[in-house]
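With the hints as a guide, dock the two chains, each given alone in a separate frame, to form the complex.
First to last, the sequence lines map onto chains A and B.
Count along the first sequence starting at 1, add 74, and that's the number in this note's numbering.
Count along the second sequence starting at 1, add 615, and that's the number in this note's numbering.
Be aware that a few hints might be false.
Claimed, not checked - With beta-carbon atoms standing in for the labels, derived distance ranges:
no.	chain 1	residue 1	chain 2	residue 2	range
1	B	GLU918	A	ARG193	27 to 37 angstroms
2	A	ARG184	B	ALA930	42 to 52 angstroms
3	B	ALA930	A	PRO102	44 to 54 angstroms
4	A	PRO102	B	CYS813	41 to 51 angstroms
5	A	HIS123	B	GLU918	22 to 32 angstroms
6	A	ILE301	B	ASN938	54 to 64 angstroms
7	B	GLU769	A	ARG184	45 to 55 angstroms
8	B	ALA773	A	HIS123	51 to 61 angstroms
9	A	PRO258	B	GLU937	11 to 21 angstroms
10	A	ILE301	B	GLY941	54 to 64 angstroms
11	A	LYS271	B	ARG624	41 to 51 angstroms
12	A	ARG193	B	CYS813	31 to 41 angstroms
13	A	GLY100	B	ALA807	50 to 60 angstroms
14	A	HIS123	B	GLU769	43 to 53 angstroms
Said to hold, decoys possible - Here are the simulated BS3-like pairs of lysine-lysine, each with C-alpha atoms no more than 30 angstroms apart in a straight line:
no.	chain 1	residue 1	chain 2	residue 2
15	A	LYS295	A	LYS257
16	B	LYS825	A	LYS118
17	A	LYS136	A	LYS88
18	A	LYS271	A	LYS136
19	B	LYS884	A	LYS136
20	B	LYS884	A	LYS88
21	A	LYS271	A	LYS303
22	A	LYS136	A	LYS257
23	A	LYS271	A	LYS257
Everything labelled a hint here was simulated from the structure, so no lab data went into it.
A virtual CB, placed ideally from N, CA and C, is assigned to each residue, including glycine.
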Amino acid sequence: MTDELRVILVDDEKPARRLLREYLEGTPGVSIVAECGNGFEAVKAVADHEPDLMLLDIQMPKLDGFEVVELLERDLPIIFITAHDEHALRAFEVHAVDYLLKPYSAERLREAIERARERIGRGDEPASLDELVSAARPDGGDLERILVRDGSDVRVVPVETVDYIEAQDDAVAIHADGATHLKPQRLATLEERLDPKRFIRVHRSFILNIDRLRSIELYAKDSRIAILKDGAKVPVSRSGYSRLRELL
Amino acid sequence: MHPILASRRHLALYLMAWLPVAALLTVAMMITGWGGWVQSLLFVFPMVVVYAFLCLSAWYPCRAMPLGDQRAEMALLMHIAAAALSALLWVAMAWLLAEGFERSTLYAGRTNLTAEHTGIIFVAGLLLYLLSVAIHYLFAAAEASREAERRALEAELAARDAELQALKAQLNPHFLFNSLNSVASLAATDPAGARDMCIQLGDYLRGTLKSGSGLQPLDEELAQVRRFLRVESVRYGDRLRVVEEIDDRCLGVKVPPLLLQPLVENALKHGIAELVEGGEVRIGARCSSELLTVWVENPFDVESQPKTGAGVGLANVRHRLENVYGDEARLRSGRSGAIYRAEVVIPVAARASDSEQKDGSDD
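Just chain B, same shape as in the assembly (with noise of 0.2 angstroms):
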């Protein structure tokens, strides 16, 4: 949108900034000699409005050829070939005017132009138009940047609100009163698995608290989803079986926080626990020098509907992976048969480098 005429005060403001121009051009056809200062003044007027919304299509060119890209030259050049033309409008029209006033009977004397008269003008609209060029440049600069602001502001909303929803998904309050009735459960015919419990569940609700917003390597989330399922293998009992295909020369990759742990819960909520028999949750990672891809695999009922929800904790991973890579990362998911696949895509290189390090010191 043009930002002159969205808004209906810049138009009013441009406009005024057009009256000086106004005024300067009636006494430049007074000083010259061309006529009194009404006479003067209404063949200003008309040619100036007219130019003031002429300049307003120097926003387009502007848009298409923003500062800082390395053609400057170019669009140097194109601006100063649109100004000219603007300009050769200009003088057309003035001409035009003038022989208006001509054949009118109003004004006696002298009314053609000089080309003196003519001179004037042109130069006139080549700066004018030059100058209008700078203002869209002022705009469009104006503009960039509250944009730039906008989508900061807008990024640390969403990293804010991912990180609400990740901290209620990690508390998330189902798994614990469920957990907990499991350790009342047990708390009778096995204490032993009681306290063990306890301690599974202390120790994940650790890891829950200690995950920050930074990146930490896979190992890590790894370890946390270990701790998240086997508090769940208590409650599931032989239903649930987890199976690991993780290729080691990928534990050191550095990864967002919080990257698997839906993935799994979905497998466990919308696969194993809508399964009389349960079934096996696949996890697995391999990578690359440029890419590291995980992937979670549970088996589902395929008699019962899709159900609502599946969605929340795939989408916040992938507003998650946006937040962190733009779009380099991808989350892909999807059904084969009666097995169900979520697999992360995520860029090595840049990010990972310093901590291949930390981990190689490490072995």
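So that you can see chain A by itself, here it is in the shape it has in the complex (with noise of 0.2 angstroms):
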């Protein structure tokens, strides 16, 4: 416990950094590494200074809460700060370390922060990141852009560009606009989170946005290649091709 505590703060609003700022002074062993006004710049501070914790505020532009969270490589323990929003709240009940409801005393967060202290000292694991973005997206809809990390910054890319996904190992390969980004997460879970109208899994590590089909060959018995608008080719299985026939 003689280790300081690296904390990281994260607020669009500036009093509210300026309260958490002074309510963290005021606490003992622990010392602020940055303060972010959004999310892109809680995600490139993160790369760069390697907290033991970060406080985060849910409503930001661009990025909210949730989106840092999805786009943080490793696990980092959390405490939530927000004003309001219940779905939110029930959610991290379960898989933050604690949240934080403005407006909130200092004491209760240094009771937050006391609570992080420990998880870290026991060498709790974390919530893992997959669990803790589904669990606060509950009725989240599909999703509208994948957040991918280009080292330190952050690519928004809309879904509607996507041409295809592949799973790569421990990550998928996030193929659009001609450019191909790597995401550590895995094929089924983002499949889940995609409008399954347009993205189908048409093989066992491939997903095909339907727009961008141009036509479908078939390579040898029970194996067929679709090949995408730009001349690209993905393999097709037997049930990724009954699942596209269904589909068309």
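Here's what the structure looks like:
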């Protein structure tokens, strides 16, 4: 417990950040390594500073708190701070270290920090990020954009620009607009969040955007290849073909 | 939908009302010596059943020419013509039926109809049809009053609902919690600012509680919007910039309370809050002798998908406008480039004349 807890704080409102800073400066054993006014900065700051704990607002421009969590490459204990968001609160009762409701007292913040410290001290496995994100968005609807990291930058890939998605070891390769983006995620997890009327799992390791399909060619017995509008070729399995046919 | 055919009970009652008619006609046929009571009844029964249904058709001209229309003589003429036509049809049916009786071997004796019978049937047909017209008008009137009652009730409910929604929106918990958080933040570093914010928040809440359901001058609505913006500008800091383009001549025009407020809230929530750098919210008003146009413009993040929830505030405003002005007011909203604009046009004349006088004396 002698270690300093390295904290990063994220809120788009200056007064809110100021209050957080004021509270934290009165809390022993805590140092603020970065203060961020939006989600992009937060993602970058986490990569640059590798903090022990993040204090995160939920409603923010461009990237909201959930999206920031989704973009973190490593499990990081998080304390959410929000004015109110009943759905999120219910989800975070299970998954987040703690959540604070604005306005909150310095004592309440200290309590949350203690809880985080205990968790880190015990070496608890934090909730997996996939789990956290899907719990936070029980009724999230179909994904409209895919967020990927490029170093410490964040790329926003609108789903309509995606040609196909390919599973690669522990990640997925998202092919969109002639570029390929890698994202550490399971193909099945991504598939669940995409519009099933547009994105079809045509193969064990391929998801296809049906709007990009030009033709399907028989390649060998029971094995087909989908030709996309830009000429890319994607293998289609037998069950994938029947899923495709159902939709076309 | 036909009011009698629409319900089984109505139809049953209606047909029962024809029983005395059938009885009278049977007696008439007997008295005029056409046949015995069995024969008369067998003749009259199908006649009455068919005519009962034929008379239901009176509903359609009744509906097409409602009472209280100026062309009452025209309607009367039409109904009489329809009655004559129906009565003639009935007479024709009587002849055919009598012919059938003649051919059948069951009944001996006279079965053809005399001029006297024909006359009775025609006159009865005429009167019965006109009676049916009267009944249908009664139904129509009852339905109209029921409809009016229902509509009034619905309007009242909608108004209540809007009021409640408005109240909730006004006490917007998200706004309050965030504001309180700002006060907490200011308390240590800027006590005077904290005190200021408390006062502004108080003013705003008092304004919220004061706003009734009646119309109020645009001036007051603007004052309330400014209180809201002052509180919000503490949170947003220099991300929020407000520009007003208000024509002073519009200030006295009466508007429904909470007309602008939801639009400004949307401008912040879906515009400024989504922009890292913030932007400029423009609030404007201009008026002619008949129309007042007020608008709110804000930049928005073109990259982000339109979020759900923007519609609620707009729907509330639209609903309130409908309640107050019927279809004389309009709410338009849309994007042009990176600017979102919501615009309300409401009539000035009818309801604002007294306020103009009052405000004139205030100046």
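| query | Within a Cα-Cα threshold of 30 angstroms, do A:LYS295 and A:LYS257 meet the stated pairing? | reply | Given that 30 angstroms is the threshold and the Cα spacing comes to 33 angstroms, the pair is violated.
Distance restraint hint 42 to 52 angstroms, applied to the beta-carbon atoms of A:ARG184 and B:ALA930: holds (43 angstroms)
Does the Cβ-Cβ separation between B:ALA930 and A:PRO102 fall within 44 to 54 angstroms?
Check passed, 51 angstroms falls within 44 to 54 angstroms.
For this session: Quickly compare the C-alpha distance for A:LYS271 and A:LYS257 to 30 angstroms and report which way the hint goes.
Result: With Cα atoms ~23 angstroms apart, A:LYS271 and A:LYS257 stay inside 30 angstroms; holds.
Within 41 to 51 angstroms or not, the Cβ separation of A:LYS271 and B:ARG624?
Distance hint for A:LYS271, B:ARG624 holds at roughly 48 angstroms.
Practice item. Check the following: the C-beta atoms of A:GLY100 and B:ALA807 are separated by a distance inside 50 to 60 angstroms. Key: violated (22 angstroms)
Next item on the list: Using the beta carbons of B:GLU769 and A:ARG184, state whether their distance is inside 45 to 55 angstroms or not.
Entry: Taking Cβ atoms as reference, B:GLU769 and A:ARG184 lie about 54 angstroms apart, which means the hint holds.
_Hinted pair, alpha-carbon criterion (30 angstroms max): A:LYS271, A:LYS136. Please report holds or violated._
Answer holds: A:LYS271 to A:LYS136 is near 27 angstroms, not above 30 angstroms.
Take the C-beta atom of B:ALA773 and the C-beta atom of A:HIS123, compute their distance, and say whether it sits inside 51 to 61 angstroms. Check passed, 54 angstroms falls within 51 to 61 angstroms.
Quickly compare the C-alpha distance for B:LYS825 and A:LYS118 to 30 angstroms and report which way the hint goes. With a Cα-Cα distance of about 47 angstroms, the restraint between B:LYS825 and A:LYS118 is violated, given a limit of 30 angstroms.
Take the C-beta atom of A:PRO258 and the C-beta atom of B:GLU937, compute their distance, and say whether it sits inside 11 to 21 angstroms.
Because 52 angstroms falls outside the window, the suggested range is violated.
Below or equal to 30 angstroms on CA atoms is what counts here, so check A:LYS271 against A:LYS303. holds (19 angstroms)
In the structure shown, a violation is registered for the earlier hints numbered 4, 9, 13, 14, 15 and 16, in ascending order.
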